[in-house]
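Chain order of the listed sequences is G and F. For the first sequence, the numbering used here gives the first residue as 82, with consecutive numbering after it. For the second sequence, the numbering used here gives the first residue as 241, with consecutive numbering after it.
Keep in mind that the hints were calculated from the coordinates and are not lab data.
In silico lysine-lysine, PhoX-like type, Cα no more than 25 angstroms apart, as pairs:
hint, chain 1, residue 1, chain 2, residue 2
1, G, 401, F, 276
2, F, 276, G, 471
3, F, 458, F, 409
4, F, 315, G, 179
5, G, 179, G, 471
6, G, 212, G, 118
7, F, 424, F, 276
8, F, 315, G, 471
9, G, 167, G, 335
One letter stands for each residue in the lines below.
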Amino acid sequence: MVHVQPLQGQTAPDVPRDADHPRDSLIAHFGADKPLKLDAGLELSPFQIAYTTYGTLNADRSNAVMVCHALTGDQYVAQVHPVTKKSGWWETLIGPGKSIDPARYFVICPNVLGGCMGSSGPASTNPKTGKPWGLEFPVVTVRDMVRAQAMLLDHLGIDTLFAVVGGSMGGMQVLQWAASYPERVFAAVPIACATRHSAQNIAFHEVGRQAIMADPEWRGGRYHLEGSNPRRGLAVARMGAHITYLSDAALHRKFGRKFQDRENPTFSFDADFEVESYLRHQGSTFVERFDANSYLYLTRAMDYFDLAADAGGTLAHAFKGTQTRFCVISFTSDWLFPTSESRATVHALNAASARVSFAEIVTDKGHDAFLLDEPEMSGIVRGFLEGARKARGLTGR
Amino acid sequence: MSATTNDFDAAKIARNSAGARVDLVLVSQMVTRGAKVLDVGCGDGELLHLLGESRDVDGRGIELSREGVNECVAKGLAVIQGDADTDLADYPDDAFDYVILSQTLQATRHPRAVLEHMLRIGRHAVVSFPNFGHWTVRLQLLFAGHMPQTDILPYSWYDTPNIHHCTIKDFVQLCNTIGVKIEKAVALNAWGSPLRLNAPWWFWNLFGEQGVFLLSRKD
Chain G
82 MVHVQPLQGQ TAPDVPRDAD HPRDSLIAHF GADKPLKLDA GLELSPFQIA
132 YTTYGTLNAD RSNAVMVCHA LTGDQYVAQV HPVTKKSGWW ETLIGPGKSI
182 DPARYFVICP NVLGGCMGSS GPASTNPKTG KPWGLEFPVV TVRDMVRAQA
232 MLLDHLGIDT LFAVVGGSMG GMQVLQWAAS YPERVFAAVP IACATRHSAQ
282 NIAFHEVGRQ AIMADPEWRG GRYHLEGSNP RRGLAVARMG AHITYLSDAA
332 LHRKFGRKFQ DRENPTFSFD ADFEVESYLR HQGSTFVERF DANSYLYLTR
382 AMDYFDLAAD AGGTLAHAFK GTQTRFCVIS FTSDWLFPTS ESRATVHALN
432 AASARVSFAE IVTDKGHDAF LLDEPEMSGI VRGFLEGARK ARGLTGR
Chain F
241 MSATTNDFDA AKIARNSAGA RVDLVLVSQM VTRGAKVLDV GCGDGELLHL
291 LGESRDVDGR GIELSREGVN ECVAKGLAVI QGDADTDLAD YPDDAFDYVI
341 LSQTLQATRH PRAVLEHMLR IGRHAVVSFP NFGHWTVRLQ LLFAGHMPQT
391 DILPYSWYDT PNIHHCTIKD FVQLCNTIGV KIEKAVALNA WGSPLRLNAP
441 WWFWNLFGEQ GVFLLSRKD
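Work the whole structure out from these sequences, hints included.
Laid out in structure tokens, this is it:
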């Protein structure tokens with residue numbers, strides 16, 4: 082149904098392996114002298130972080146904005162994606178004249194640790210064996226991702242971020258940044274996220290992982306070595322997850338019970354309904370750009386995320402004494418990270434006497450709303466950052 | 241229903257030559273410079289903005305209406321969506337120097353609990369409210385025999401968000417009941433001018449269209 086054009090000069094998507102050499106990206110290498118200490122109790126060394134930047138760092142290095150991507154996002158936040166050729170995933174928010182304008186801010190977007198677009202992860206080459214890590218790669222956490230990002234910041238010679246912005250798993254990183262490095266974050270914008278992953282969300286992730294692992298092509302995670310690829314398993318995982326990013330109302334509005342290119346049911350298990358066809362398309366395009374093992378690792382990292390547990394059981398303690406200003410945003414129809422989760426975050430921030438703004442935006446577009454053109458969200462992010470800029474003394478540029 | 245932008249008709253409140261609402265100016269003058277302030281029911285953020293500009297305060301707000309909140313946040317104000325009746329409980333003791341309840345008391349479900357929380361969270365509280373003892377209100381009930389409607393309280397009885405009206409006298413009594421110290425009290429007439437300071441309470445209760453009170457804990 083979907084015809085993927087072979088990329089020029091390539092025979093398969095994993096040659097020249099974006100997992101090691103991502104196109105149109107910068108790469109920070111961390112050698113044996115700079116190991117990454119992981120929550121699992123191991124050290125990762127050497128490792129690399131792929132990232133993109135937009136705009137210019139000002140003279141006193143105070144205008145840096147880190148953008149954290151979600152589960153299946155990557156560093157191509159405001160530029161054409163080298164694999165899919167689609168425009169950047171947050172160009173509604175980032176770009177000339179947008180809420181986060183590179184004319185004002187130095188935007189940094191790293192690929193997460195455990196990802197598959199150039200930062201070290203299960204799809205990367207294990208330097209010790211010269212072969213892809215696969216399941217030999219250590220299990221990482223959101224805190225590990227942020228630790229690696231802090232090392233990237235050191236590498237760039239930037240002490241303090243003006244702001245950290247992200248949605249969903251990106252929002253978890255934002256909250257982790259504020260908890261781990263409060264003195265390095267002036268303003269934080271966690272969108273459509275939570276301080277912990279709920280049982281329901283862990284359950285959804287587990288279904289996705291089981292779909293991947295049930296695919297015979299997965300080969301116990303050794304598919305890179307054995308020349309196979311668990312496309313069907315990963316596609317099913319994506320299809321299931323994609324439903325959770327939408328809403329009943331949005332699905333109904335978009336597809337209803339409409340048939341796909343036919344008048345009547347075929348009395349078969351073909352994709353009779355438009356919504357089925359749409360999901361299959363989502364699944365099949367996803368596998369062209371994403372690594373199945375990476376999907377296992379990143380969903381696991383989200384499952385493990387629990388800021389309150391890290392702070393001795395009391396969420397407010399995670400933000401004790403914080404001077405960071407927060408802008409928490411949620412969406413009415415988001416049932417993956419419902420407003421109640423954001424409200425719990427806000428309550429904890431209030432209890433910590435943090436300077437916090439919180440807005441809930443009315444939409445029927447579900448969790449995905451944060452990635453779509455939501456003028457109200459753009460306006461709020463713009464206004465919040467403007468206020469923070471004044472407080473930071475960054476105006477006049 | 242409480243703490244909305246629509247509790248009363250702000251457009252009908254007197255404004256000074258600089259265009260600022262006189263009641264808000266009066267409230268802001270009760271707040272010390274540079275203080276940490278929580279504005280409960282902050283509406284579109286006019287008072288928070290005024291406090292930031294004129295008193296250099298570190299201001300936060302709670303607002304029930306989503307439109308009000310989003311407007312405030314887009315202006316760069318630290319405002320959250322929340323309800324005075326339920327969300328004040330989440331704030332720790334002594335988190336603020338002043339907690340302000342501007343024209344919102346009459347729309348809360350539990351005015352006494354709200355007031356007690358305000359003085360737990362903040363060392364001082366500033367409360368302003370429309371006085372239901374004003375002579376125009378009294379005359380409407382007495383002679384016209386219907387629930388009073390005024391310029392600043394334009395609602396019919398069946399659709400008003402204002403469920404706990406009180407008079408200045410009632411409010412003073414509540415302060416006495418819960419052991420709150422009245423540091424300062426001002427009554428404004430319909431033109432937004434303060435009534436004579438040495439006037440007796442009954443005079444204020446009859447001729448004050450709004451009461452503005454600065455409170456503190458009695459200890």
